[in-house]
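**Student:** Sequence:
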Amino acid sequence: MKLLTVSALALAMGSAGAMAKVSSQEAMKIGNSLTQMGAEKAANKTGTIPAYTGGLTHNEGADPFKNIFADELPLFTITAQNLDQYKANLSDGQIALFKKFPDTYKMPVYPTHRTASFPKSIYAKAKKNATTAELMDGGNGLKNFDETVPFVIPKNGVEVIWNHVSRYRGGSVERNGANIPVQRSGSYIAIKGRSQLTAPWYLKGGFDAKDDDNVLFYYTYLTKSPARLTGNVLLVHETIDQVNQPRMAWTYNAGQRRVRRAPQVAYDAPGNATEGMRTTDQVDMYNGAPDRYNWKLIGKKEIYIPYNSYKIADQSAKYSDIVKKNHIDQDYTRYELHRVWQVEATLKEGARHIYGKRTLYLDEDSWQVAVADHYDNRGQLWRASEGHALQFVNANTPWYVSNTNYDLFSGRYLVDLTNEERNPFVFGKKVKRKDFTSSAIRRQGKR
Numbered sequence: 001m002k003l004l005t006v007s008a009l010a011l012a013m014g015s016a017g018a019m020a021k022v023s024s025q026e027a028m029k030i031g032n033s034l035t036q037m038g039a040e041k042a043a044n045k046t047g048t049i050p051a052y053t054g055g056l057t058h059n060e061g062a063d064p065f066k067n068i069f070a071d072e073l074p075l076f077t078i079t080a081q082n083l084d085q086y087k088a089n090l091s092d093g094q095i096a097l098f099k100k101f102p103d104t105y106k107m108p109v110y111p112t113h114r115t116a117s118f119p120k121s122i123y124a125k126a127k128k129n130a131t132t133a134e135l136m137d138g139g140n141g142l143k144n145f146d147e148t149v150p151f152v153i154p155k156n157g158v159e160v161i162w163n164h165v166s167r168y169r170g171g172s173v174e175r176n177g178a179n180i181p182v183q184r185s186g187s188y189i190a191i192k193g194r195s196q197l198t199a200p201w202y203l204k205g206g207f208d209a210k211d212d213d214n215v216l217f218y219y220t221y222l223t224k225s226p227a228r229l230t231g232n233v234l235l236v237h238e239t240i241d242q243v244n245q246p247r248m249a250w251t252y253n254a255g256q257r258r259v260r261r262a263p264q265v266a267y268d269a270p271g272n273a274t275e276g277m278r279t280t281d282q283v284d285m286y287n288g289a290p291d292r293y294n295w296k297l298i299g300k301k302e303i304y305i306p307y308n309s310y311k312i313a314d315q316s317a318k319y320s321d322i323v324k325k326n327h328i329d330q331d332y333t334r335y336e337l338h339r340v341w342q343v344e345a346t347l348k349e350g351a352r353h354i355y356g357k358r359t360l361y362l363d364e365d366s367w368q369v370a371v372a373d374h375y376d377n378r379g380q381l382w383r384a385s386e387g388h389a390l391q392f393v394n395a396n397t398p399w400y401v402s403n404t405n406y407d408l409f410s411g412r413y414l415v416d417l418t419n420e421e422r423n424p425f426v427f428g429k430k431v432k433r434k435d436f437t438s439s440a441i442r443r444q445g446k447r
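This note's numbering puts the first residue of the sequence shown at 1, with every later residue one more than the last.
The hints are simulated quantities; they were obtained by calculation from the structure and are not laboratory data. Possibly wrong hints are sitting among the right ones.
[To be verified] Cut-off 27 Å, straight-line C-alpha distance, at most; resulting in silico cross-link-like pairs (BS3-like, lysine-lysine):
id: 1; residue 1: Lys99; residue 2: Lys87
id: 2; residue 1: Lys120; residue 2: Lys296
id: 3; residue 1: Lys21; residue 2: Lys296
id: 4; residue 1: Lys224; residue 2: Lys446
id: 5; residue 1: Lys224; residue 2: Lys29
id: 6; residue 1: Lys429; residue 2: Lys21
id: 7; residue 1: Lys120; residue 2: Lys155
id: 8; residue 1: Lys224; residue 2: Lys87
id: 9; residue 1: Lys325; residue 2: Lys143
id: 10; residue 1: Lys29; residue 2: Lys41
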């Protein structure tokens with residue numbers, strides 16, 4: 001596979017000057033003091049975060065939802081009553097949830113297990129990227145990037161966000177699940193659908209430089225219920241350079257039987273199948289071109305984040321078991337203390353977005369955003385999001401099994417779940433490039 005040379009997402013750098021690839025001497029830390037993904041290999045000083053020992057072993061035939069930590073009990077539970085003891089290791093959004101729902105909101109905290117693991121080929125590409133990948137044109141481009149995280153030793157906020165956006169997610173995955181917008185009363189209607197996300201390297205027939213050179217991934221979402229939305233389809237070609245070649249999107253409306261271009265599917269446009277309770281760029285906790293923000297790397301921090309989230313993915317649970325008034329049943333959650341990269345995004349002068357500021361916390365072992373706080377343009381904390389993830393041992397990749405997004409103003413929230421669906425995650429499904437065309441989604445919507 002040749003290295004891609006592309007002008008990538010126009011990203012505003014938190015500080016002036018282009019950041020170059022790391023030196024070969026600095027890269028020697030990878031696999032030594034740092035893990036293959038650039039995390040600190042050592043335990044923290046108190047031992048509450050253990051040393052990284054390789055994560056869970058890949059087992060293609062294993063059940064990824066089998067709770068291997070089922071016998072563990074919480075070390076302690078954070079509540080509104082003991083919140084002050086733990087504030088230093090929580091985000092502002094997490095703290096706000098305790099204050100908004102003091103009688104019911106809690107966080108069960110378990111022993112920390114660093115389970116993240118990736119294929120050897122991904123480790124090799126990440127290590128090579130460290131000495132070849134560069135931001136170009138003051139942060140508006142990437143040079144010499146190959147498939148996965150370009151900056152395992154990041155120097156600024158742009159590089160950290162790039163690592164999340166471009167991280168490995170199993171190559172190709174079909175997901176069957178439900179977006180559940182929950183009203184203040186606790187009532188909800190689950191919006192069920194099937195998505196397919198495939199990076200061009202994993203298409204049937206493989207990567208084609210002519211068609212795929214500026215494509216990060218292909219994506220479709222078919223809405224299956226409720227009846228008023230059944231058959232609607234969203235198609236996205238996620239481009240790497242979204243300024244010179246914006247994200248390409250189409251929608252198929254089953255009622256009108258028409259396919260339309262959908263350039264509005266980006267930034268703060270209401271997220272698909274969410275009743276407006278999530279912006280488009282909040283899908284996968286963060287996606288798309290971050291060019292409307294100035295990004296600042298705050299640094300490393302230890303906080304409690306959702307991790308090894310087997311309970312919320314339990315296939316014997318019903319949606320009604322988890323979805324409750326005000327927030328999900330927190331007995332289905334698991335929090336652990338992990339090191340994260342903290343990045344702050346501030347809206348550029350003259351740019352438009354409903355979020356004036358965002359603070360994102362990325363797990364050091366997976367580069368996934370685990371927690372995100374979103375502020376309005378008056379500077380008030382508006383929404384608090386969490387990504388509940390686990391290590392899919394059958395696919396050798398960490399990924400989300402659920403995301404929550406709480407609106408602190410309205411009292412509503414959005415959660416996506418997969419518990420009641422058959423085959424919730426199908427990794428490695430071979431699809432063709434032609435499956436991601438406007439004619440293909442028309443056929444898909446008619447089924």
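**Student:** Does each hint fit the structure? Answer for all of them.
**Tutor:** Evaluated hints:
1. Lys99 x Lys87: With a Cα-Cα distance of about 12 Å, the restraint between Lys99 and Lys87 holds, given a limit of 27 Å.
2. Lys120 x Lys296: Not satisfied, since the Cα-Cα distance of roughly 31 Å exceeds 27 Å.
3. Lys21 x Lys296: 19 Å, holds
4. Lys224 x Lys446: 11 Å, holds
5. Lys224 x Lys29: 48 Å, violated
6. Lys429 x Lys21: Violated. Lys429 to Lys21 sits at ~34 Å, over the 27 Å cutoff.
7. Lys120 x Lys155: Answer holds: Lys120 to Lys155 is near 25 Å, not above 27 Å.
8. Lys224 x Lys87: With a Cα-Cα distance of about 41 Å, the restraint between Lys224 and Lys87 is violated, given a limit of 27 Å.
9. Lys325 x Lys143: 48 Å, violated
10. Lys29 x Lys41: Holds, at about 10 Å.
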